[in-house]
Amino acid sequence: MAEKIRVLLAKPGLDGHDRGIKVIAAAFRDAGMEVIYTGLRQTPPMIVDAAIQEDVDAIGVSILSGAHMTLFPAILKEMKEKGAGDIILFGGGIVPDEEIKELEALGVAKVFTPGAPTEESIRFLREAVGKKKSDEKIM
Amino acid sequence: MYNKKFLEVLKSGLAEWDKKAAKFRDKKSMPRFFTVSGVDIDELYTPDSVEAADTEEYFQEQLNNPGEFPYTRGVHHTMYRSRLWTMRQFAGMGTPKQTHERFKYILAQGGTGLSTAFDLPTLMGYDSDHARSLGEVGKCGVAVDTLADMEIIFDGIDLGQVSTSMTINSPASMLLAMYLAVAEKQGVPFDQVRGTLQNDILKEYIAQKEFIYPPRPSIRLITDMMKYCTDKVPQYNTISISGYHIREAGATAAQELAFTLADGFCYVESAIDAGMDVDAFAPRLSFFFNAHSDFFEEIAKYRAARRIWARHMRFKYNAQDERSWKLRFHTQTAGCTLTAQQPENNIVRVAIQALSGVLGGTQSLHTNSMDETLALPSAKAVLIALRTQQVIAYETGVANTIDPLGGSWFVEAQTDRLEAEAEAYFTEIERRGGVLQCIEDGYFQRELARSAYNFQLEIEKDERKIVGVNDFVLEEEKVEIPVLKIDRQVELDQVAFLKKVKAERDNGKVQATLAKLAEAAKGDGNTFEAMYECSKVYASVGEMCDVLREVWGVWEESQGAMRVS
Numbered sequence: 001m002a003e004k005i006r007v008l009l010a011k012p013g014l015d016g017h018d019r020g021i022k023v024i025a026a027a028f029r030d031a032g033m034e035v036i037y038t039g040l041r042q043t044p045p046m047i048v049d050a051a052i053q054e055d056v057d058a059i060g061v062s063i064l065s066g067a068h069m070t071l072f073p074a075i076l077k078e079m080k081e082k083g084a085g086d087i088i089l090f091g092g093g094i095v096p097d098e099e100i101k102e103l104e105a106l107g108v109a110k111v112f113t114p115g116a117p118t119e120e121s122i123r124f125l126r127e128a129v130g131k132k133k134s135d136e137k138i139m
Numbered sequence: 001m002y003n004k005k006f007l008e009v010l011k012s013g014l015a016e017w018d019k020k021a022a023k024f025r026d027k028k029s030m031p032r033f034f035t036v037s038g039v040d041i042d043e044l045y046t047p048d049s050v051e052a053a054d055t056e057e058y059f060q061e062q063l064n065n066p067g068e069f070p071y072t073r074g075v076h077h078t079m080y081r082s083r084l085w086t087m088r089q090f091a092g093m094g095t096p097k098q099t100h101e102r103f104k105y106i107l108a109q110g111g112t113g114l115s116t117a118f119d120l121p122t123l124m125g126y127d128s129d130h131a132r133s134l135g136e137v138g139k140c141g142v143a144v145d146t147l148a149d150m151e152i153i154f155d156g157i158d159l160g161q162v163s164t165s166m167t168i169n170s171p172a173s174m175l176l177a178m179y180l181a182v183a184e185k186q187g188v189p190f191d192q193v194r195g196t197l198q199n200d201i202l203k204e205y206i207a208q209k210e211f212i213y214p215p216r217p218s219i220r221l222i223t224d225m226m227k228y229c230t231d232k233v234p235q236y237n238t239i240s241i242s243g244y245h246i247r248e249a250g251a252t253a254a255q256e257l258a259f260t261l262a263d264g265f266c267y268v269e270s271a272i273d274a275g276m277d278v279d280a281f282a283p284r285l286s287f288f289f290n291a292h293s294d295f296f297e298e299i300a301k302y303r304a305a306r307r308i309w310a311r312h313m314r315f316k317y318n319a320q321d322e323r324s325w326k327l328r329f330h331t332q333t334a335g336c337t338l339t340a341q342q343p344e345n346n347i348v349r350v351a352i353q354a355l356s357g358v359l360g361g362t363q364s365l366h367t368n369s370m371d372e373t374l375a376l377p378s379a380k381a382v383l384i385a386l387r388t389q390q391v392i393a394y395e396t397g398v399a400n401t402i403d404p405l406g407g408s409w410f411v412e413a414q415t416d417r418l419e420a421e422a423e424a425y426f427t428e429i430e431r432r433g434g435v436l437q438c439i440e441d442g443y444f445q446r447e448l449a450r451s452a453y454n455f456q457l458e459i460e461k462d463e464r465k466i467v468g469v470n471d472f473v474l475e476e477e478k479v480e481i482p483v484l485k486i487d488r489q490v491e492l493d494q495v496a497f498l499k500k501v502k503a504e505r506d507n508g509k510v511q512a513t514l515a516k517l518a519e520a521a522k523g524d525g526n527t528f529e530a531m532y533e534c535s536k537v538y539a540s541v542g543e544m545c546d547v548l549r550e551v552w553g554v555w556e557e558s559q560g561a562m563r564v565s
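Chains as they are written, first to last, in the working numbering: chain R, 1 to 139; chain V, 1 to 565.
In isolation and in its complexed conformation, chain R is listed as follows (with noise of 0.2 Å):
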């Protein structure tokens, strides 16, 4: 049987709302995944100490408020410098198209816009980390 995956999901910045990242949270849990949801308003820092912690396969972010182009690359940052690089990192949010681009150009995986269904997302993870595993096999 396969492993489980993992993912660990947070609200970064300062937003609250929550409404989506814990449906999200239940319908990966009901996929039959690990779910870690550390809450609201955790900084970078927070998030990726956490998910090495943790050792998940991937990191889930919620960002409504505007801040994703800060945010994001944050996140990215942190894990490059904490050696954690090869973590999934993918979100959800209100986040204009041509942003989506710029974020995936530096390494974000997926951006997840609103009325996305959940299936959606626990495809794009189920893949994701498929190939991570494979990829992670094969050297």
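Among these hints, one or two may not hold up.
Claimed, not checked - Example chain V residues on the side facing chain R (calculated, C-beta under 10 Å, incomplete):
(1) Y126
(2) E248
(3) G250
(4) T373
(5) L374
(6) A449
(7) I466
(8) I486
It is worth saying that the hints were derived from the structure and are not from the lab. Glycine included, each C-beta is placed from N, C-alpha and C at the ideal position.
On the provided structure of chain R, position chain V as indicated by the hints.
Relative to the frame of chain R, chain V by itself:
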């Protein structure tokens, strides 16, 4: 009145109809006939659907006339024939100067009230130059650090004429103190200052989560402010008890209704415990509800809200003043129903939602802009949203008569149903130790997470269609509406301005007034009076909040509140 003969005719007619209808029931236009809240709806409502509708007691106790207890049909005797609802558009972005310009635009276009949105650092009590504010300044609303910013926002706007609503909670008292300081500088007496402070911290713990201090001292901040305003700013609505955010976080209509009114009762009990007379403050309490997409359920919700509040205020809290019994409310259309896909469709959603607020007897209304799932609204989108209200008010004829849906068997049955569901929740909240205990244990938070997830599953199982999202999807979609962007320069400008204000103010006075605030918070002095003094000498929101953080500590959600079910 239904006489016996009438009931016989009704029942035999229904039996006949049922036989005929049975032939068509195999074919269904939708998989389920249920409300947005997941409540199944009957095929037909008749006089028989409303319990005891043919009795005098029913008319007097459940309905009565507008302006009369329990106000099911409206809080005023003549409603919109005397005065339309206030068209109050929520606005605020970027720097104080940009928001000032947006306010002037709204007033010039016929808006009749102002409503201020603050950015996240302001809502969380951090100054624009704080590390945690990085990337957030001016994004979700206007940045306000000191009185100097409020002076810019309201420059040339007569605070004796306009009524202003401010959407802020944890630092609410500080922003009101600054607003009053602007009024004082304009020479406007405080008894002419009108408006509403959201100041509803309980729903922050439950839903919106912009809290700073623990619940119990936060309640004290509110009662201090109520004491001050009851004496000195009598026309100001001190709290807007908000179901809006509870609904946005995933609540059903019944949960929105029940949790909001339970919060309201908690404020009433807290103020009574603080030694205030219920009739001294209750007339200044106001409410704020969501207008979601289920048209009739929403109308029933507003009607039920008025009836529940009136009954509890009169019979449970023994209020004697009729004004204490009247639930007055603001409505905003549901942001969570707007779709990023085919955003122009949102104009239609907003119009229908707004209409439910009007038919439900709202006192003021905000209509969302079509582009809010993409960014802060552009000026064009804001104008369409305001025009939507004007079309409803002036072209549709719905303001011609009071409570036009009163007496609809369906609407009355739903009103009764929602009241009963809310009462069941009040009993459960009581059993769990009251509102504050339920917040600390995470009961409300889990209820909302469960409802939000159920709703999402209904969409994904195709029981619900969302136009443009899980059906009627466009293959190649391109956003063709202008999207407003907040420049990074906003943050730099705001930080520079704060630096300048801090350099030019009398820092000795700032330190002295902040020390007095700490003293009031530690003891039993009035914290609002202390904040007013701090504000006048340009102490910042962050500085005042830091003083209180030091005394009261900060609040973190419990594990119970973070659980998803």
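Consistency of the hints with the structure:
1. The interface hint given for V:Y126 holds, since its Cβ lies 7 Å from the closest Cβ of chain R, which is under the 10 Å cut-off.
2. Interface hint at V:E248: satisfied, since its Cβ lies 7 Å from the closest Cβ of chain R, which is below the 10 Å cut-off.
3. Annotation: interface hint on V:G250 holds; nearest CB of chain R at approximately 5 Å, less than 10 Å.
4. Taken as an interface hint, V:T373 checks out: its beta carbon lies about 5 Å from the nearest beta carbon of chain R, inside 10 Å.
5. At about 7 Å, the closest approach between the beta carbon of V:L374 and any beta carbon in chain R falls short of 10 Å, and the interface hint on this residue holds.
6. Because the closest C-beta pair between V:A449 and chain R is about 4 Å apart, less than 10 Å, the hint holds.
7. The criterion of a C-beta within 10 Å of any C-beta in chain R is met by V:I466, whose closest approach is roughly 7 Å, and the hint holds.
8. Because the beta carbon of V:I486 sits about 7 Å from the nearest beta carbon in chain R, less than 10 Å, this interface hint is met.
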